[in-house]
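Chemist: Protein chains in written order, with our numbering: chain P, 331 to 602; chain E, 616 to 1037.
Calculated directly from the structure, the hints in this document are not laboratory data. As the structure is a computational prediction, the values presented were derived from the model and not from experiment. Ideal Cβ placement from N, Cα and C applies to all residues, glycine included. Treat the hints with care, as some may be off.
Unchecked claim - No more than 30 angstroms apart at the CA atoms, straight line, and that leaves these computed lysine-lysine pairs for DSSO-like:
#1 791/E - 490/P
#2 767/E - 791/E
#3 356/P - 968/E
#4 791/E - 356/P
#5 767/E - 356/P
#6 767/E - 626/E
#7 490/P - 798/E
#8 798/E - 767/E
#9 356/P - 490/P
Unchecked claim - Chain E stretches covered by chain P per the calculated footprint, using a threshold of three residues with CB under 8 angstroms from any CB of chain P:
#10 769 to 777
#11 784 to 794
#12 888 to 899
#13 917 to 926
As the list claims (entries may be wrong) - Some chain E residues near chain P, calculated using beta-carbon distances under 10 angstroms:
#14 907
#15 933
#16 934
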Amino acid sequence: MRSLLLAVLAAYLNAAIHSILAFVNKRRSLQRVAELSIAAGFVLHTAALIADWAINGHYPLFYLRETLSFLAWTLVAAYGLMLYRYRAQALGAFTMPLISILTFIAVIIRSGPEGEPAATGVAATWLFPVHTTLLLFAYAAFFVVFMASVMYLLQERELKLKTFSGIFHRLPSLSTVNELATMAAALGLTLLTVGIATGMLWSSTRDGKFWHNDPKEIFAVLTWLLYLLLIIYRASSQWRGRRAAWLGVVGFALVLCTFFGTRLLGGYHVFG
Amino acid sequence: MAIVLVGVNHKTAPVEVRERLAFSDEASAEGLRTLVDGEIIREGLIVSTCNRVEILTATTADQLQQGAQRVTDFLDRARALPAGFLAKHLYSHTDDQAVRHLFRVASSLDSMVLGEPQVLGQVRRAYSLAVEAGTAGRVLNRLVHHTFRVAKRIRTETGIAANAVSISYMAVELGKKIFNSLKGHTVMLIGAGEMAELSLRHLVNAGASRVLIANRTEESARRLANEFGGEVIPFEQLAEFLPEADVVICSTGAPEYIVTEPLTRQVRERRRNRPTCFIDISVPRNIDPAVGRLPNVFIFDIDDLESVISSNIREREREAERAELIVRSEVMQFQQALRALDIGPTIGALRQKLQELARTEMERQRNRLGSLTPEQETAIEALLMSTVNKISHPVLNQLRRSYETSDSDAVQALRDIFGLEE
Chain P
331 MRSLLLAVLA AYLNAAIHSI LAFVNKRRSL QRVAELSIAA GFVLHTAALI
381 ADWAINGHYP LFYLRETLSF LAWTLVAAYG LMLYRYRAQA LGAFTMPLIS
431 ILTFIAVIIR SGPEGEPAAT GVAATWLFPV HTTLLLFAYA AFFVVFMASV
481 MYLLQERELK LKTFSGIFHR LPSLSTVNEL ATMAAALGLT LLTVGIATGM
531 LWSSTRDGKF WHNDPKEIFA VLTWLLYLLL IIYRASSQWR GRRAAWLGVV
581 GFALVLCTFF GTRLLGGYHV FG
Chain E
616 MAIVLVGVNH KTAPVEVRER LAFSDEASAE GLRTLVDGEI IREGLIVSTC
666 NRVEILTATT ADQLQQGAQR VTDFLDRARA LPAGFLAKHL YSHTDDQAVR
716 HLFRVASSLD SMVLGEPQVL GQVRRAYSLA VEAGTAGRVL NRLVHHTFRV
766 AKRIRTETGI AANAVSISYM AVELGKKIFN SLKGHTVMLI GAGEMAELSL
816 RHLVNAGASR VLIANRTEES ARRLANEFGG EVIPFEQLAE FLPEADVVIC
866 STGAPEYIVT EPLTRQVRER RRNRPTCFID ISVPRNIDPA VGRLPNVFIF
916 DIDDLESVIS SNIREREREA ERAELIVRSE VMQFQQALRA LDIGPTIGAL
966 RQKLQELART EMERQRNRLG SLTPEQETAI EALLMSTVNK ISHPVLNQLR
1016 RSYETSDSDA VQALRDIFGL EE
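With these hints in hand, go ahead and build the complete structure from the sequences.
Modeler: Written as structure tokens, this is what we have:
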């Protein structure tokens, strides 16, 4: 459903432009346009994913193109929740361009499955889509942790240096971004845990092995450990504030390695 | 219809002049009734604050000069000023300049402290006084409501009123930045100076739930505690209560550090690393600057506050430039609305139309009359015109009445009947 995805891209681009303008200009009307575009884009995107599923006959989360599109979709959902819960409009100026880029890559990548393994075989059982979907939502949650941590660090630095830049006044308060990061990390870790578990289960039903020792699995476990550490530290209040925020940033680098880096390293998880 | 605004503000007149001009509510109502004569000055409104006296009036387009003069004379008489006393302080604006000035005043672009919120309320008050006095008519109603809209738009769309520009308000702003909301949070005052009291007032207004006051002289601590529903804590037990405070405002006259680094380390431990915001407005400082190096502790001394304030003022100035653009476009919009409101052109067009009809008929029949003396020519002309005027008089009156009662349908009906184009 390329044409539908193009419409989605148009909506996200519009939202990105209006979010940036709203960030610069603080005009409510611009923010409204951005939010309406996001809503429209999200609805169209959902429709595009369902259409893909119906037409191609497999869950639309297998090829890179599909994965990127799905990732963009989860990020929009995550940003939507942040907007709804924390009114973190300022985030749109950073998140929406990124989402637009992901969608754009998903649009331009060739949609044919040539040269890649057939989707039907691996995606046959219901466990596989559950595995991938959960993990993508976990990535989106970690992206939220990352954004919240960056916002925390920016503001904490300015409070310590006592010089406030223009961006300072447009960001949500320290306690808000702190709470946001904690919530998102807890949610992300839960999703990651269940996602890894279903992956193992699926793998064992397929070839009897839980663990293949491939780079993606190793990185995923490292990521899991890091976010567990983050949550324990946050809960024990030892690492409240700046250090926890740094962990949120480092953790996301690890997430990126898990997501993209292991494609280059090869191994069992060659797809997605 | 035309608008004339005459006034003085803090930039054009020193306080000695402004205080002689100031109008109390009663004086303003009374003054308006004398000023608005229904002839030259059709409508009027007086804005009188400590920084400005502005007299806004509506007059007719051909009486702008007389209008401005009338207002100046009124000021001289109402305030019994010697002739020429005001000349070098007074400014007078007409039409779009006057509209622009009013928009800027109400949006706080013309205020001493850019973006201060009181002036809009003062304009609102002035308007309701004028409404009570019956001197706000259709033009001023329109103008003042448009002004409120512009002020609101500027407040929401620009950052002109954002970010604290006073020391006492900085505590609220920093508290909100760190804790999001002050609700459920505890404020501690160490020392009960005037500035600390003002800060406390803002913090309590912003929702701070608990107030702890430690002061060397318990009497003034007691007074503040009573006023703000706070608790007095013995100065010696400061260290015990300090961990409970989220925002600490320090303003004692003590020559040494009261909040030291070791103390803050303990506090931080007992607070389980929850952030604390220290504001030190005392000179010499009462909080060791080394405290600021501890994680989750934020400390602002008087110089830090001043420098943040001056950068906030610069930010407001930048935002004011954007506000000026809004004012400019709104003035244009208002002028358009005002033109649509004006009945003058309709009356003129109707009169002209009827007179033209008479003249054309005269032209057509002129040959049949043969040669006429100039006197006869003028008599015929006069005859025609007075007939036209007699016929159109009740029509025009009706038109004016419809207009005065805002019956735009009736006005439009008359325009349609006589085939007048826009």
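Chemist: Hints first: check each against the structure and report whether it holds.
Modeler: Against the structure, the hints come out as follows:
1. Between the alpha carbons of residue 791/E and residue 490/P the distance comes to roughly 16 angstroms, so the proposed pair stays at or under 30 angstroms and holds.
2. Straight-line distance between C-alpha atoms of residue 767/E and residue 791/E comes to about 23 angstroms, which keeps the hinted pair within the 30 angstroms bound.
3. At roughly 51 angstroms between alpha-carbon atoms, residue 356/P and residue 968/E are farther apart than 30 angstroms, so this suggested pair is violated.
4. Taking the CA atoms of residue 791/E and residue 356/P, the gap is near 19 angstroms; set against the 30 angstroms cutoff, the hint holds.
5. For a cut-off of 30 angstroms, the pair hint linking residue 767/E to residue 356/P stands: about 14 angstroms separates their Cα positions.
6. Taken as a hint, the residue 767/E and residue 626/E pair is honoured in the structure, with Cα atoms around 24 angstroms apart against an allowance of 30 angstroms.
7. At most 30 angstroms may separate the alpha-carbon atoms for a hinted pair to count; residue 490/P and residue 798/E meet this at roughly 24 angstroms.
8. This hinted pair checks out: residue 798/E and residue 767/E have alpha carbons roughly 27 angstroms apart, not beyond 30 angstroms.
9. This hinted pair checks out: residue 356/P and residue 490/P have alpha carbons roughly 26 angstroms apart, not beyond 30 angstroms.
10. Residues of the region 769 to 777 of chain E lying with their CB closer than 8 angstroms to a CB of chain P number 5, which satisfies the three-residue condition for coverage.
11. By the rule of at least three residues with a Cβ nearer than 8 angstroms to a Cβ of chain P, the coverage given for the region 784 to 794 of chain E holds, with 5 such residues.
12. A stretch counts as covered by a chain when three or more of its residues have a beta carbon under 8 angstroms from one of that chain; for the region 888 to 899 of chain E and chain P the count is 3, and the coverage holds.
13. Given a C-beta distance limit of less than 8 angstroms, the hint that chain P covers the region 917 to 926 of chain E holds, as 4 residues qualify and 3 suffice.
14. With a least beta-carbon distance of about 7 angstroms to chain P, the hint placing residue 907/E at the interface is held under the 10 angstroms criterion.
15. Hint on residue 933/E holds. Least Cβ distance to chain P is approximately 9 angstroms, under the 10 angstroms limit.
16. Here the hint on residue 934/E is kept, as its CB sits about 9 angstroms from the closest CB of chain P, short of 10 angstroms.
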